[in-house]
Amino acid sequence: MNDLKQRILAAAAASPSPSWKATRIRRALFVAGGSAVMVTVYWLFALWIFGWQSIPRSLILLGGTSLGAAVVAGFAVGISLGRGGRMLGRSRRWLIAVTAISPLALLGWKIAWSAAFGNLDESPRLGHRCLVMSISMGMVPMLLLALTRRGEDPRHPGLLGAAIGVAVGACAWVLVDLWCPVAGVLHLLRGHVLPVLLLGLVGAVAGKVLLAVRK
Amino acid sequence: MTAKVHSTREQDGGEADAAMDCYAREGDPRAFARLIDLLQPRLLGYVRRQLQGDVSAEDLVQTCFLKLHQHRGRFTPGAAVLPYAFAIARRLLIDKIRSDRRERGGESELMNHPPPMCTEPEHALAQRRVLARLASALDEIPAHHREAFELTTLDGLSLEDAAAVADTTTTTLKMRKHYARAALRQRLGDDLEDLLR
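So the protein sequences, as listed, match chains X and F. Using my numbering, the first residue of the first sequence is number 1, and each one after it goes up by one. Using my numbering, the first residue of the second sequence is number 1, and each one after it goes up by one.
Don't read these hints as lab results, they were simulated from the structure. Be careful, since some hints might not be right.
On the chain F side, residues computed to face chain X include the following (Cβ under 7 Å) [stated by the list, open to error]: (1) 21; (2) 62; (3) 66; (4) 70; (5) 76; (6) 83; (7) 84; (8) 175.
These figures come from a predicted structure and were not determined experimentally. Heads up, the beta-carbon is just placed ideally off N, CA and C, and yes, glycines get one too.
Hey, can you work out the whole structure from these sequences and the hints?
Written out as structure tokens, the structure is:
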């Protein structure tokens, strides 16, 4: 047996290597933990800190915008967290597509569906509450989801982190959309799109630190 | 002969995937040892070509295998291990070169002088000379083109695997390889084909 092989085997024997089962359990716990934190923070803000919005919306308007946003969020999560059957994960093009298209798709769907119901009136509210709510909901889940891929991306960890951040922001969008009745474009840009982009930005920084393969 | 070498390498790649799959599922140390046997020469050749000094190259390859070991629980069933191993080695190389540059004030660690592959002194010397010519010509072409040429022609990765390692599309990598070959042929003439034989 050559010297290098012996050294590798000795180093491997001294280093932990979680099994498939342990890794899956850990990943499931992180995803469940992230979801629980997001929902808890949502109810905390929606019921206690800001209070429930009393402006009525038709069920079709509410269901349509939320369902469309949920589909976009589902795609974003699936693409950013899935590896597409390869250890190297998604290519740069997929991750850029998720990061760039998701906020546009969410905004486009919300405007299009709301316009069909004549519900595009600007509100005097700037969207600060939606902004705070979305970022508070997304920060911890984003870090937990990034931890499921910790130290395993040798190619573009920053981009993967940004995609995860945007995907989490898209999930937060779905919940905030259930709470916020305003569909004015300026409000949506400030209160709904901006937090998704900010989460993507924080995700990019966190990704560089957490997801990169390091010695 | 080149086709035979590529076929053997593809076979090695398939065996390496199976070994990694077995190691990921069952944690069998013999599967990991087999994986080392299959990948170590190729990874070491790749890293040595980029780095000065065998000791640091071996350290880097060791780290690369350690990463595969630590990530065995995250291994995707049926996924190819070779591009992942090369991508890890490439990332570790980039980090090392950057840190060396910082420490030595901009001096590059890239060397591109591969060690001789045959053991007879005369052949080794002749081979070192021609490889030094190739290395010198490779130094003169753009880094992306050089990388595409090295990964496919010298390290024997398929176009798909090399594209995955270099984080680009197969079409782009194919074009880069084409440009690299054209530039090398311009510099080395017919010697290029002799060198690659």
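Against the structure, the hints:
1. 21: Because about 11 Å separates residue 21 of chain F from the closest Cβ in chain X, which is outside the 7 Å limit, the hint is violated.
2. 62: Since the shortest Cβ distance to chain X is 5 Å, the answer is holds.
3. 66: Holds, about 6 Å.
4. 70: Holds. Min distance 6 Å.
5. 76: OK, holds: residue 76 of chain F within 7 Å of chain X, min 6 Å.
6. 83: 6 Å, holds
7. 84: 4 Å, holds
8. 175: Cβ of residue 175 of chain F sits 16 Å from chain X, so the hint is violated.
Hint compliance for this structure: hints 1, 8 are broken, all remaining hints hold.
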